[in-house]
Every structure is written in structure tokens, then in C-alpha cells.
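K.L.:
Letter by letter, the chains look like this.
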Amino acid sequence: AQSVSQHNHHVILSEAASLELGCNYSYGGTVNLFWYVQYPGQHLQLLLKYFSGDPLVKGIKGFEAEFIKSKFSFNLRKPSVQWSDTAEYFCAVTGQAGTALIFGKGTTLSVSS
Amino acid sequence: DAGVTQSPTHLIKTRGQQVTLRCSPKSGHDTVSWYQQALGQGPQFIFQYYEEEERQRGNFPDRFSGHQFPNYSSELNVNALLLGDSALYLCASSWRALAGGGRNEQFFGPGTRLTVL
Numbered sequence: 001a002q003s004v005s006q007h008n009h010h011v012i013l014s015e016a017a018s019l020e021l022g023c024n025y026s027y028g029g030t031v032n033l034f035w036y037v038q039y040p041g042q043h044l045q046l047l048l049k050y051f052s053g054d055p056l057v058k059g060i061k062g063f064e065a066e067f068i069k070s071k072f073s074f075n076l077r078k079p080s081v082q083w084s085d086t087a088e089y090f091c092a093v094t095g096q097a098g099t100a101l102i103f104g105k106g107t108t109l110s111v112s113s
Numbered sequence: 001d002a003g004v005t006q007s008p009t010h011l012i013k014t015r016g017q018q019v020t021l022r023c024s025p026k027s028g029h030d031t032v033s034w035y036q037q038a039l040g041q042g043p044q045f046i047f048q049y050y051e052e053e054e055r056q057r058g059n060f061p062d063r064f065s066g067h068q069f070p071n072y073s074s075e076l077n078v079n080a081l082l083l084g085d086s087a088l089y090l091c092a093s094s095w096r097a098l099a100g101g102g103r104n105e106q107f108f109g110p111g112t113r114l115t116v117l
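Note that the protein sequences, when read in sequence, are chains D and S. Numbering of the first sequence is given in the numbering used here, commencing with residue 1 and proceeding in unit increments. Numbering of the second sequence is given in the numbering used here, commencing with residue 1 and proceeding in unit increments.
Same shape as in the complex, but just chain D (with noise of 0.2 Å):
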């Protein structure tokens, strides 16, 4: 079945440092893959998406993740966090389970200023 693993629970970072967060997935066929983003009191939203193509794909806010085939993964990345992102992070994927996203448990970003 498929399934997606976020390694990092709780990540805690000092405003201008770097950020990646890490996410690997289960299934080796064809795969759509997101990150979506909680912020506190909010609701879930998209950050960016891969279907195919630049394995380098850019989202909203300065974020970009990396698809990387041959370790099924897809990090996610922002060069220089803001206290603004403090969030919970999702890694998602579609795929074998049809339309469904299959979502890890999560990373939780606190970013203090």
C-alpha cells in the first residue's frame, strides 16, 4: 500500500536559517506528489505541487522541493525562514491510490524570532 513518511516531527529554527524537511514515499509507479501547509487557526493549503518534468518545482512563500526518483523523495526546502512560517507541514502524494492523498503524519516548523 501506498504510504509517505515525514522523518522530522517537531523542527525548530531561529528566523534567516534553512529549512528542509524530509519526505519519502512508498510507491515506486507513478506519482503525483504535494506539500500542503497548516497554518495556526487556518485552514490546510497547497504549497506546491510535482507531476512530471524539472524535478526542482517552486510554491508560494520562497518554498521549493526536490523530487529525487531514485530515493523516492521530495524535500522541501526554503533557504531562509520567517517567523510567519511557523506551520505544520504535510507531504502528500496521489498515484496508485487513485485520487486519494495519501498525507505523512507531518512536521511541525517553529520558527522563533
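Since the hints were made in silico from the structure, they are not lab data. For clarity, every value in this text was computed on a predicted model and none was experimentally measured. One should not assume that every hint holds.
Claimed, not checked - Computed cross-link-like contacts, DSSO-like style, restricted to lysine-lysine with a CA-CA straight-line distance of at most 27 Å: (1) D/K58 x D/K105; (2) D/K71 x D/K105; (3) S/K26 x D/K105; (4) D/K71 x D/K49; (5) D/K105 x D/K69; (6) D/K49 x D/K69; (7) D/K61 x S/K26; (8) D/K69 x D/K58; (9) D/K49 x S/K26; (10) D/K71 x D/K61; (11) D/K58 x S/K26.
Please build the complex by placing chain S on the supplied structure of chain D, with the hints as guidance.
P.N.:
Just chain S now, with coordinates in the frame of chain D:
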């Protein structure tokens, strides 16, 4: 343009009771998916409705059922509530999800927080 709306915001029930949660999709969307998010976990897919039919189902028992109406809004019903059903229930809408092969963005609502005592 209103996004995805859900009602009620919070709900408290006791074991064995039944509950109905409601969702109105984003304008122009025709597909509604429901997810359960337990505390400290990522959302888990329950089922998806398109053209008033359940098109996909996750690993949830038959106690979980749903409905989609001609105006694309949807209901999630849970019978014989268990303590373990306590969670945030999220509704997500998209346009032509099946035709998009899982690529079409799903827009999420704020969720309904269900507490089962």
C-alpha cells in the same frame, strides 16, 4: 468567492450515537473528498464523491457513509460512534478530480472537530 465551508465547527457526542457533518464545496468544484485527522496525525482519506456516487473509499468501516447532493454539497454520516472516532473531519473539494488523475488541487475546508465521550 467562498471557499470550502463545513458545519458544524465543533460537535460533542456520546458513544453509540450517530452524527452528520456537512460540506459545501468551493464554487465550480464537483468532487468532494472527506478526510479524518486524528490528533498528531496527517489526514486519512475516508471517501470521495463525484456525480452523487462514491467513487473511491479508504480503509474505513461501513459505519462511515456519505452522500452528495445535486448541488455538489456533501454529508458525512458516522453511526455507532466510538471513542476513537474523535478527530478533525476535513472536507476537500476539487474539479474533475477523476479526469485529472490525482493532479487537480484539492481545496480544504476548516474542518469539524468531533469529540466522542
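K.L.:
All the hints need checking, so say for each whether the structure fits it.
P.N.:
Evaluated hints:
A C-alpha spacing of about 22 Å is found between D/K58 and D/K105, which places the hinted pair at or below 27 Å, so the restraint holds. Note on D/K71 and D/K105: the hinted pairing holds, with a Cα-Cα distance of about 19 Å set against a maximum of 27 Å. Of the supplied pair hints, the one linking S/K26 and D/K105 holds, its CA atoms being roughly 26 Å apart against a limit of 27 Å. Between D/K71 and D/K49, the direct Cα distance comes to roughly 18 Å. Compliance with the 27 Å bound is thereby established for this hinted pair.
For the hint pairing D/K105 with D/K69, the CA-to-CA distance comes to about 21 Å; that is within 27 Å, so the pair holds. Note on D/K49 and D/K69: the hinted pairing holds, with a Cα-Cα distance of about 15 Å set against a maximum of 27 Å. Annotation: proposed proximity of D/K61 to S/K26 holds, straight-line Cα distance about 23 Å (limit 27 Å). About 17 Å separates the Cα atoms of D/K69 and D/K58, which keeps this hinted pair within 27 Å; it holds.
Of the supplied pair hints, the one linking D/K49 and S/K26 holds, its CA atoms being roughly 20 Å apart against a limit of 27 Å. This hinted pair checks out: D/K71 and D/K61 have alpha carbons roughly 26 Å apart, not beyond 27 Å. Simply put, D/K58 and S/K26 have alpha-carbon atoms about 25 Å apart, close enough for the 27 Å limit, and the pair holds.
Going down the numbered hints, you'll see the structure goes against none, and every one checks out.
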